[in-house]
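**Q** Kindly generate the complete structure, drawing on both the sequences and the hints.
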Amino acid sequence: MTIQQVLFIVIALAVLGSAVFVVTTRNLFRAALMMIAAFFGIAGLFVLLDAGLFAVAQVLIYIGAISILVIFAVMLTRGMQGMVPRNSQATAAAVTVAIVFAVLLLLFGPLRLTIDVARWPVLSLFAANTSPRDVGGIAWTPPGQVIPPVPDTYIADFGRSLVDLNQYLLPFLLIAFLVDVVLAGAIFIARQRRPAEVAEDRQLQAEEEAEEAEAMRRAGALPGPASLPEGAVASTSDH
Amino acid sequence: MNVINDLLKIISDFVAGIVNSIFSFSPFLADVVTMGLAAVVLCTFAALSFMGLTYVERKVVARIQDRVGPNQAGPLGLLQPLADGIKMFTKEDTTPAAADRWVYNLAPLVIAIFALTTYAVLPFAPGVVGTNLNVGVFYIIAIGSGSIVAIIMAGWGSNNKYALLGAFRTVAQLVGYEVPMLLNVLPVVMITGSMSLTDIITQQTTLNGNPGIPFIVFFPLSALVFLISGIAETARSPFDLLEAESEIVAGFHVEYSGMKFALFFLGEYVNALAVAFVFSTFFLGGYAGPVLPPYIWLLLKAAAVFFIFMWLRGTLPRIRVDQMHNMNWKFLVPVSIVHLVVVMALMKLFVTSPAQVQANGGILVTPGVQAAILFTASLAILIGSLLIAARRARIMRLQEEAILEQRRAENIAAASA
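Quick note, the sequences are listed as chains A and D, same order. If you're matching positions, the first sequence starts at 1 in the numbering used here and goes up one per residue. If you're matching positions, the second sequence starts at 1 in the numbering used here and goes up one per residue.
If you're looking for bench data, these hints aren't it; they were derived computationally from the structure. Each residue gets a CB set at the ideal place from its N, CA and C atoms; glycine is no exception. One or more of the hints may lead you astray.
Stated by the list, open to error - Across the chosen pairs, the derived CB separations fall in these ranges:
hint: 1; chain 1: A; residue 1: Val182; chain 2: D; residue 2: Arg391; range: 25 to 33 Å
hint: 2; chain 1: D; residue 1: Arg67; chain 2: A; residue 2: Val198; range: 34 to 42 Å
hint: 3; chain 1: A; residue 1: Leu165; chain 2: D; residue 2: Ala389; range: 38 to 46 Å
Said to hold, decoys possible - A few chain A residues that face chain D, going by a derived Cβ cut-off under 7 Å, partial list only:
hint: 4; residue: Ile3
hint: 5; residue: Leu7
hint: 6; residue: Phe29
hint: 7; residue: Ala31
hint: 8; residue: Gly52
hint: 9; residue: Leu53
hint: 10; residue: Val56
hint: 11; residue: Val59
hint: 12; residue: Leu60
hint: 13; residue: Ile71
**A** Laid out in C-alpha cells, this is it:
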C-alpha cells in the first residue's frame with residue numbers, strides 16, 4: 001500500500017464515521033458539528049486528488065457558509081434541543097437509499113466495467129448502444145495505468161469553463177440569476193416598511209373587508225354591517 | 001549568498017539537509033519531518049508574537065489614554081506577558097454544569113488551530129514559506145471563515161444566554177465582512193494573474209529583486225476596505241461587538257477561564273497579526289524592500305499595520321450593531337463592486353505586456369502609467385462614494401431633525417390643549 005492509500009483509508013473512515021454519527025445522534029447541534037467534520041474529510045479527499053482549489057472551496061462554501069446556516073436553523077428552532085426524534089422508518093429508509101445508490105453505482109459508477117450490458121436487459125434500457133466505458137460517471141483507470149498529473153493551469157481552465165459558451169456559461173448565469181432573485185426576495189420580505197405604505201395597506205385591507213361585508217349583506221347572510229356608516233371605515237384606516 | 005539577507009533560507013536549508021541525511025531511506029518521511037519542524041517553528045513564532053503583542057498593545061493603548069500601562073513586572077513591565085501566562089496556567093479551569101462538555105472543551109482548540117493554520121502560506125523571505133499553495137489567497141479566506149465555527153461552538157457549548165448572543169452576533173458580522181474582503185482581494189489577484197502569495201509579492205518587485213510599486217498604489221480603495229473588513233473579521237475594536245463587555249458581559253467566552261480563555265485570546269491576537277501580515281503581503285509588497293533583509297522588512301510592515309489596529313482600538317468607541325451592518329452592506333459592498341468593475345475594465349484597456357496586447361488588444365503602457373491610471377480611478381471612486389455617503393447622511397439627519405421637531409410641536413400642542 002502506498003502512503004496515499006493509507007491516507008485515503010484513514011480520511012474515508014473518518015468521513016464515514018462522522019457521517020454515521022450525524023444520522024444517529026439525537027443532539028442536532030452535535031450532528032451539525034459532525035457534519036462539519038465530514039466536510040473537512042471531503043476537503044482532505046480533494047487534497048489527495050491534487051485539487052487544492054476544490055478543497056479550499058469545500059471549506060469556504062460548505063463549512064464557512066452552509067454548515068453555519070444549518071447550525072443557525074438548529075439554534076433558532078425552538079424546542080429543537082430537547083426534542084427526541086421518533087422516526088421508526090430509519091431502517092427502511094437506509095435500505096432504500098442503499099439499493100438506489102447500488103443501482104446508480106452499477107449503472108454509472110466505476111463498477112460498470114465489470115458488468116456486461118448485453119447480459120442485463122434492464123441495463124440496456126438506460127445504455128442501449130453504448131459500450132460500458134462511455135456511460136459516464138467517474139473516470140475509471142484500470143490497474144497499472146498511470147494517472148496523468150493535474151495540469152498546473154487547472155484553475156484557469158476551470159475559470160474559463162464557467163464563461164465559455166460551449167461549457168458551463170448557461171448554468172452559471174442561471175445560478176447567478178437565482179441567487180439574485182433570492183437576495184432581492186429576502187430584502188423585500190425583511191425590509192423596513194415606510195409609514196405611508198403601512199397606512200396604504202391598512203386602507204386597502206379595510207376597503208376589502210368593507211366590500212366583503214357588503215357582499216355578505218347583499219347575499220343576506222349577514223345583516224349587521226349595513227348600519228355601519230361610511231366614516232367608520234375611514235377612521236380605522238388612520239391608525 | 002548574502003548571509004544576513006538569506007539568513008532564514010540558509011537555516012531552513014541547513015535543517016532540511018540534516019533531516020534528509022537522517023531519513024535518507026525514505027524521501028517521503030524526510031518531507032513529513034521537515035514540514036513538521038516548519039509547522040512547529042511557525043506556531044512557536046505566532047505564540048511568541050502573541051506574548052509580545054499583548055505587552056506592546058497594552059503599552060500603546062495606555063499611552064493613547066494617558067496612562068503608564070504595565071510597569072511592575074520586570075524593567076518597564078517587560079515580564080508582564082510571562083506573569084499573565086503563569087496566572088492563566090494556575091487559574092482554576094471551570095466547566096459550567098449545564099455545558100455541552102465536548103463542544104465546550106473543543107472550541108478553544110478549534111479557534112487556535114484555525115488561527116495558526118493561516119501562517120502555513122505566508123512567505124517570510126524569498127524561498128521561506130510553509131507551503132507555496134497555488135490557491136493561497138483563497139485558502140486564507142476559507143480558513144478565516146473556520147473561526148466562525150469555533151465561536152459558535154463556544155457560544156452554544158457554554159449554555160449561557162450571553163455566550164449565545166455573542167455567537168449570534170459573530171455570524172452576522174464575520175460572514176458579512178467576508179464579502180468586501182473577498183471583493184477587494186480580487187483586484188490584486190487579477191493584476192497578478194495568480195492566487196499564490198509568492199507570485200503576488202514577485203509582482204510587486206522589479207525583475208532584479210528591487211521593490212517595485214506596491215499594490216496599495218494601484219488600489220488605495222481596496223487597501224482601505226480590506227483593512228476595515230480585516231479588523232471586523234478578527235473582531236477587534238471598534239468591531240468587537242461579539243464580546244462587548246458592557247452589553248453582553250464578555251460574549252462567547254464568558255464561561256471560559258484559565259488556559260481555555262488564554263487560547264481564545266491567542267486566537268484573537270494571532271488572527272489579527274495574520275491579517276497584518278496578509279495586508280502587508282497583498283498591498284505593501286511583502287518582504288520586498290531596500291537595504292534591510294527581507295524578513296525584517298516584512299516584520300516592519302506587519303508591525304506598522306498592527307500599530308494601526310492598536311491605534312484604532314485606543315481611539316474609536318465600539319460601533320452599534322445597526323451601524324456595523326449598514327456600513328458593510330450599504331457602503332463597503334456596493335463601493336467594492338463598483339470599484340471592481342471599473343478597475344477590471346481599466347486593466348483590460350491598459351495592459352503592460354506586449355503578448356497580452358496581441359492576444360486581447362488594448363493599449364500598451366508601462367507599469368508606472370498603469371499604476372497612475374488605476375490609482376486615479378480608485379481614489380476617485382473612494383472620494384466620490386464618501387461624498388455621496390456624506391450627502392445622504394446629511395439628508396437623513398435633516399429628516400430625523402424634522403421628525404423630532406414635529407413631535408415636539410405636537411407635544412406642546414397636546415400639553416396646551
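**Q** So which of those numbered hints doesn't the model satisfy?
**A** Going through the list in order, the structure violates hints 2, 5 and 7 and respects the others.
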